[in-house]
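> What follows is the residue order along each chain.
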Amino acid sequence: KAGVTQTPRYLIKTRGQQVTLSCSPISGHRSVSWYQQTPGQGLQFLFEYFSETQRNKGNFPGRFSGRQFSNSRSEMNVSTLELGDSALYLCASSSREALVGEQFFGPGTRLTVL
Amino acid sequence: TQLLEQSPQFLSIQEGENLTVYCNSSSVFSSLQWYRQEPGEGPVLLVTVVTGGEVKKLKRLTFQFGDARKDSSLHITAAQPGDTGLYLCAGPPSAAGNKLTFGGGTRVLVKP
Chain A
-3 KAGVTQTPRY LIKTRGQQVT LSCSPISGHR SVSWYQQTPG QGLQFLFEYF
47 SETQRNKGNF PGRFSGRQFS NSRSEMNVST LELGDSALYL CASSSREALV
97 GEQFFGPGTR LTVL
Chain B
17 TQLLEQSPQF LSIQEGENLT VYCNSSSVFS SLQWYRQEPG EGPVLLVTVV
67 TGGEVKKLKR LTFQFGDARK DSSLHITAAQ PGDTGLYLCA GPPSAAGNKL
117 TFGGGTRVLV KP
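Sequences listed follow chains A and B, in order.
For the first sequence, the numbering used here assigns the number -3 to the initial residue and increments by one for each residue that follows.
For the second sequence, the numbering used here assigns the number 17 to the initial residue and increments by one for each residue that follows.
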């Protein structure tokens, strides 16, 4: 089975711009979660989608949003980028039948905001 | 908010030595997971522990879940350079869903 894929792998944007990141989960997985990883804050949960519905949400401002499509692929969007949004954005997928919380991560998208 | 604290933050050891990483919380977790992350990659799941007092072994890695399900440890025997990486513990809140709370991580460097 192919793993979780994320595109693009690297992105450079400037303050005020917006960005869209994409994630394709493992085939058959219906849950997709997004995390932000920074050296200072570590890995922080952004949101989770299951069957096109947001099921959980972390403590991030409304500039961070996401959606999931009927094929379980997911996108996250960050509007009005700030310098502090520079981070590795990780997507993880999970199957409903898996052990609770067991997730498989993609390689991430490295976002740099200048 | 349930927090997971990992210690130490950084470990540098020689090949062949043993090491232990700790993951502690003041809250009860329904399960705990351990991940290893290498530079430029996403975390890779090593193990999930579910039952209080559970011990799981994965080759040279031994994982333990505390009796009260508030803490966990990872012990590596005879560490090898390939064990180098960032080790993360994570757990879901007691509520349903796949939201994981991660510890701050322990960066392990095994020198040849």
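Incorrect hints may appear among the rest.
[Said to hold, decoys possible] Residues from chain A that face chain B, not an exhaustive set, calculated with beta carbons under 7 Å:
id: 1; residue: G38
id: 2; residue: F41
id: 3; residue: E44
id: 4; residue: E48
id: 5; residue: F101
id: 6; residue: G102
id: 7; residue: P103
id: 8; residue: G104
id: 9; residue: L107
id: 10; residue: T108
id: 11; residue: L110
Worth flagging that the hints you see were computed from the coordinates, not collected in a lab.
Just so you know, even glycine gets a beta-carbon here, dropped at the ideal spot from N, CA and C.
> State for each hint whether it applies.
Now for the hints, and whether the structure bears them out:
Taking 7 Å as the C-beta contact cut-off toward chain B, the hint placing G38 (chain A) at the interface holds, the least distance being around 5 Å. Given hint, F41 (chain A) at the interface with chain B, holds; its Cβ is 5 Å from that chain's nearest Cβ, closer than 7 Å. Hint status for E44 (chain A) relative to chain B: holds, with the closest Cβ pair at about 5 Å, below 7 Å. Annotation: E48 (chain A) was flagged as interfacial toward chain B, and the flag is violated, the nearest CB pair being 15 Å apart, outside 7 Å.
Satisfaction of the interface hint for F101 (chain A) is found here, the shortest Cβ-Cβ separation to chain B being roughly 3 Å, below the 7 Å cut-off. Below 7 Å, beta-carbon pairs count as interface contacts, and G102 (chain A) has one with chain B at about 5 Å; its hint therefore holds. Given hint, P103 (chain A) at the interface with chain B, holds; its Cβ is 5 Å from that chain's nearest Cβ, closer than 7 Å. Hint status for G104 (chain A) relative to chain B: holds, with the closest Cβ pair at about 5 Å, below 7 Å.
Checking L107 (chain A) against chain B: minimum C-beta separation of about 14 Å lies over 7 Å; hint violated. At its closest, the beta carbon of T108 (chain A) sits 14 Å from a beta carbon of chain B; the interface hint therefore is violated under the 7 Å criterion. Because the beta carbon of L110 (chain A) sits about 20 Å from the nearest beta carbon in chain B, more than 7 Å, this interface hint is broken.
Of the numbered hints listed earlier, those contradicted by the structure are 4, 9, 10, 11.
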